[in-house]
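Single-letter residue listing:
There are 4 protein chains.
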Amino acid sequence: MINTDIIAEENDKNEANLRANYDALGEHLDRRNIDISHIKSKISSYGIAVPSWGVGTGGTRFARFPGTGEPRDIFDKLDDCGVVHQLTQATPSVSLHIPWDVAPTDDLNAKAQQVGLSFDAMNSNTFQDHSGLAHSYKFGSLSNTDAATRQQAIEHNIDCIEFGQKIGSKALTIWVGDGSNFPGQSNFSKQFERYLDSAKQIYAALPEDWTLLTEHKMYEPAFYSTVVQDWGTNLLIAQQMGDKAKCLVDLGHHAPNVNIEMIVARLKQFGKLGGFHFNDSKYGDDDLDTGSIDPYRLFLVFNELVEAESDPDFNPMHMLDQSHNVTDPIESLMASAMEVQRAYAQALLVDRATLYGFQDENDALMATTTLKHGFRTDVEPILAMARLEAGGAADPIAAYRKSGYRQKVSGERPVVSGAGGGIV
Amino acid sequence: MINTDIIAEENDKNEANLRANYDALGEHLDRRNIDISHIKSKISSYGIAVPSWGVGTGGTRFARFPGTGEPRDIFDKLDDCGVVHQLTQATPSVSLHIPWDVAPTDDLNAKAQQVGLSFDAMNSNTFQDHSGLAHSYKFGSLSNTDAATRQQAIEHNIDCIEFGQKIGSKALTIWVGDGSNFPGQSNFSKQFERYLDSAKQIYAALPEDWTLLTEHKMYEPAFYSTVVQDWGTNLLIAQQMGDKAKCLVDLGHHAPNVNIEMIVARLKQFGKLGGFHFNDSKYGDDDLDTGSIDPYRLFLVFNELVEAESDPDFNPMHMLDQSHNVTDPIESLMASAMEVQRAYAQALLVDRATLYGFQDENDALMATTTLKHGFRTDVEPILAMARLEAGGAADPIAAYRKSGYRQKVSGERPVVSGAGGGIV
Amino acid sequence: MINTDIIAEENDKNEANLRANYDALGEHLDRRNIDISHIKSKISSYGIAVPSWGVGTGGTRFARFPGTGEPRDIFDKLDDCGVVHQLTQATPSVSLHIPWDVAPTDDLNAKAQQVGLSFDAMNSNTFQDHSGLAHSYKFGSLSNTDAATRQQAIEHNIDCIEFGQKIGSKALTIWVGDGSNFPGQSNFSKQFERYLDSAKQIYAALPEDWTLLTEHKMYEPAFYSTVVQDWGTNLLIAQQMGDKAKCLVDLGHHAPNVNIEMIVARLKQFGKLGGFHFNDSKYGDDDLDTGSIDPYRLFLVFNELVEAESDPDFNPMHMLDQSHNVTDPIESLMASAMEVQRAYAQALLVDRATLYGFQDENDALMATTTLKHGFRTDVEPILAMARLEAGGAADPIAAYRKSGYRQKVSGERPVVSGAGGGIV
Amino acid sequence: MINTDIIAEENDKNEANLRANYDALGEHLDRRNIDISHIKSKISSYGIAVPSWGVGTGGTRFARFPGTGEPRDIFDKLDDCGVVHQLTQATPSVSLHIPWDVAPTDDLNAKAQQVGLSFDAMNSNTFQDHSGLAHSYKFGSLSNTDAATRQQAIEHNIDCIEFGQKIGSKALTIWVGDGSNFPGQSNFSKQFERYLDSAKQIYAALPEDWTLLTEHKMYEPAFYSTVVQDWGTNLLIAQQMGDKAKCLVDLGHHAPNVNIEMIVARLKQFGKLGGFHFNDSKYGDDDLDTGSIDPYRLFLVFNELVEAESDPDFNPMHMLDQSHNVTDPIESLMASAMEVQRAYAQALLVDRATLYGFQDENDALMATTTLKHGFRTDVEPILAMARLEAGGAADPIAAYRKSGYRQKVSGERPVVSGAGGGIV
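Chains as they are written, first to last, in the numbering used here: chain S, 46 to 469; chain F, 46 to 469; chain R, 46 to 469; chain V, 46 to 469.
Isolated chain S (complex conformation) (with noise of 0.2 Å):
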């Protein structure tokens, strides 16, 4: 973790700007009739997971470029993730991927505690090979035309249930890469019917207080077809299922120009949104930062949620889910808690009732420019006094680059020599 004092030092040097900035903001939006402290107050009670795997340096099919200070286990990469949430306060739980990190649920519990953290939704792995398998998913998983692969793919998902209920996780996600590459290697219908067979079993095993999320996503691994390819075959499944299961989005799953935001509110109407994969992207699942390509999409997403965010019942999971190749992904995770804070505040910063006025007039224009008028606001002062009021830091990569943090974990994590030869 990071020195405390390394953080105060920081703050203060930031301390007078932050506190003119949010003056002024507070001034600026008492003259639009909102309360800054109540924007605060609800950015303060956000909370987004981080994925364990995402603090390692990500790659591509031709190459990983591995950073230093590589986390060489679940240990290190909840240390990691404890300086995320440390200094944003922002991101209080992490998301295991199983079996990348097992490990004795009672030395996680021990170590998220210590780190600060508690656990959110487990993730199965059925798209790789792992050592020891009996059954190969080169051809599917939970769609295999075998029994036995299937079999096995049901029961690792179960044991990510039981793995979860030891270390407090309410939530299994479940992407599989079954999919096809060429016309006619898959009979579509058959391998959805084995996927619904499949994913029944899951869902028997899944205590009363847990959800199914299942995700949808358009391409890759499988470049013909994929078995769960879009929210309208998510649906059906989550429709097959029950009232546990529900959809995940990730916002890189879809086909160029599809307008996700609607998918939201679809999902959102009808009961089934579970929960969000936060990041940007701007050819496929490129994964990358939150907000980093169109943050005003961001935006448009959480105005979605802010809507229905009265809902009792509306609780979808949010989380990152980022390659990091070219920067820390300490910092990447960081910015990114930060971008999905910055279009959750902007989209409560959003007049609804007038909104809704304009909208029941067909006053394209004044309704499109009351959204605006929330996004274009320059938030940065709330997000930054919240972290700072709750212990964090002001400016989370400045302290952390002061902090030497890299450099130490540099030190006691071994080089890692780069990656990926030969995969393309």
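Among the clues, some could well be false.
When chains are identical, the list treats them as one kind, so a pair holds in a single copy or across two.
[What the hints assert, rightly or not] Pairs of lysine-lysine residues, derived as DSS-like cross-links and limited to a Cα-Cα distance of at most 25 Å, are as follows:
id, residue 1, residue 2
1, K245, K183
2, K156, K215
3, K313, K235
4, K87, K313
5, K313, K245
6, K183, K447
7, K183, K235
In short, the hints are calculated from the structure, not lab data.
Keeping the supplied structure of chain S fixed, place chains F, R and V upon it in accordance with the hints.
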């Protein structure tokens, strides 16, 4: 209609070559253990509807360049459609669009009988402001924020059903342009609520033996959001309505790169595939001639349809829906009907038992080769022979040109000036 | 024009708040070592052209829903454009479209002077068949296979130059719809040869101090291929023509996912960036209001422009080019001009020395944060103050609505009925 | 290599059917005034290169599922490539990738002679960090901000040329992953300057009879911008370098919906089409088997190539470049080489004089029908007969399976465990 002597004369020119090609193909298929006459009989009994509006020259928002002999009304259109069917023997029915095709139903029935056609699905129109309407559809129809406008749109659809009952139609197809051009212009959830409420009122007026087909489309005329934007929303509508409600798939209404044949498979699997609008596209809803851009994709759609053919409850409606901007519409409709037949014939050639075997074994290469074996077979002799035997033309385009039909109607129908100026 | 008393009255209502916001922003920028008055003066001297056709309600191939008070001719249009500039002080020039705007040039000059506007680039039109033309553009204009049709199109463009010379224009913008709807319809190489031959003849007629702007577009109205389909072909044209020929970039004319700001950078780097048509889009050439869908993309384009601003030879033309289908066109043009100013002001705020430093060190996170720091600053007070000081309206939309201009012209200009029926 | 007895035996099984099919096709083509033996001789003399890396199982960033008998080194790879050519007689050359394929050049030449292959273009690799490199390519190679890193990349490319000269290669293909993942990370103009400077140094080292091929790609591994992102930038590079520099087109490296055959036509027209990487794709750079997704698009590319074939200066290089994730790579390469031949043969069947006539008359329907007439002809008998006569297999896949080659090498080459874990 075309003088049958001309058809006969033209057929005489082609017959020897056709018989040689047909016999050679028959022998070739025999070596593949396929009975050519079985395929031919399937083609002979296959029919696809043409849209009444398809026989006029289409255009874009930039311009329309009419041809000569443009049909003046539904009776001219039925003449043209009659020619398409006479020569191809593939398009026995016509789909009407209201109010464009409003006419005394007795006259319509008489005319249809005269030209050898029947009436397919009715199409309502609430995406334009027709003269005399009390309320504008500028801001939507079935989902308009104004109740009176919604009511007007509902009643129009019910009128279409009543109209259709008098001419033997058994289905109503609803496509609306409702959506928005700006983020915030419309509230996604409320707008869809209104759509569903309106649709339920139409559904309530549907005769027992009718089908309600709703059509999704990603965008255009609305450019930020569309109420029925994809098959996921379309499915929700069909589910909310009831058993008589099904989804219509237009091949050009999807996001870039989307696997359309898979959507067909999903709707098929869940009993909600109601019909098709066939066309082709490269960019958006280009409404190009069916099979002109990606004939293999068309084949893959038919591969799904042939697979389900044995199910007696599976009977989706087939229609061409194209915009003929640079060709003689009659020629394009004939060519397109034949392309649909071609895809169907090729899909019939697929050895399904062999295919399923390869699928079960995950032999991707041989599975896809098995599909391709059907696709790459030149089935033209089968199509031509089916036409010949049914009294159509072996080469419909050549016979049509020979007949001078276009010149004849150009003399009877007044010249239409270039239209469309200024809608940019 | 709007009564200046109304503007003053409205400004009075806003001024106190505006001054408070402006002062607060000034102090904030001061803390970032930025002089707010410098930014304001850049904004004050910035102007963007509006297209004459932009003040009429647009539409799609499905329908057009005119508003009230639609301009009847170029003089009405200039009145409307005058209002846009009067209130925003951001749109000092108008771009004419021939033959739509043909009128005695003396009258045009007088009217322009009266409403305080000048004339920007001329736009030729060979994508429609205007009455009285000997040859149709159905199958293309500058690249038509018929020499006489090409000659007609060439002469029309030369006429546009001559027309423009009489009204002070200094540029001709050519956009053609030439292309094809079917594979094989056109020979790509021969068609482009013909285009280049025609363009050279127009270029030969270009006055020394004029610029020839050619505009690329991926598709529409042609749906299989377009002669000038992308910036690569556009670049070839500009290279083949000569120094006075440059490329025009319309933000909505690209393939999905394309990095437009990079195209801007490339054309800039090689001296071939001639101008812009600003708008926004989600799907295709949607012609939505600038910045309404992806404001960050607009900012990134301006980031490229600001970078080159110090180069005296760099002076691309800026124009709005939008289709206003659901809003009052005057309002959309005002809002869009302000969005362009906003992006420009935000790009001016970027600390370029710092940015270059991060770029050189491959500090991706801080580099992108530096850009975003500019983007997320709410520069509205700067824009409003610049307007106020120049005699415009602090809140142009409110002042316009208050003025009753639309109601006034609705009384003077006849009602236009819903058009566009049947071009589907 | 495969025992020729097995090939002969397999051919014996097929020969009677093949001759019947070939004769029937010959008669059919005769009725179309086409000499089948002319087409066959063109096919017989056509060859396409295979990439050395294509015989290993590919993967994605998520996982790689190796097959059995994976080649251990370039000599194993040459064995596998030899089999591909032996059975198809269509792939007489291999393209090496450095440093993956580094080996004593005498040994390479000897091995190539033994397996009946020659060497095609050399491929450099500066998108991965190979062991022992002084500088990392994490932030780019030829365009890196660091001069020493650029120099290292330049020298590597020059090494590749020198290596290639010893094995009879005549071309260097450069593909780099340089780009950025965040707006602002890289300065587009400076980055491209650096790229051009580096490329010029490589070009300066190019022997007189060599060609420099540069390859563009829209995205991946960089996900916000790529230095050589499209054919426009690629063209600028080739123009800046000189006559020996040409553009390489990979069919999967384009934006969605882009008309690739038109890019081929443009580069051809301006003398800058240097070569192809053939494959197919549905979403991004999927690297699927050539012709497996959109065979008509492949045909349209070959339509452009056949058109230019009579020009003696037109001689672009042809190579397959695919990732075989779920098939036996040898099978996929054989099938793909045959798909390329198929498209070529079909394009040769197009009656060009007739086509040009329809194009000149703007008879779009008959022009496209003329193209399709070539495409829909089943040319398999021509391809199979060409193979048979050249000593290859009538049915290469069947002969290969019969031969037991995979089982044999699986016994000799050690099992490779599932790789790729964790690069997500």
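Which numbered hints does this structure break?
Failing hints: none at all.
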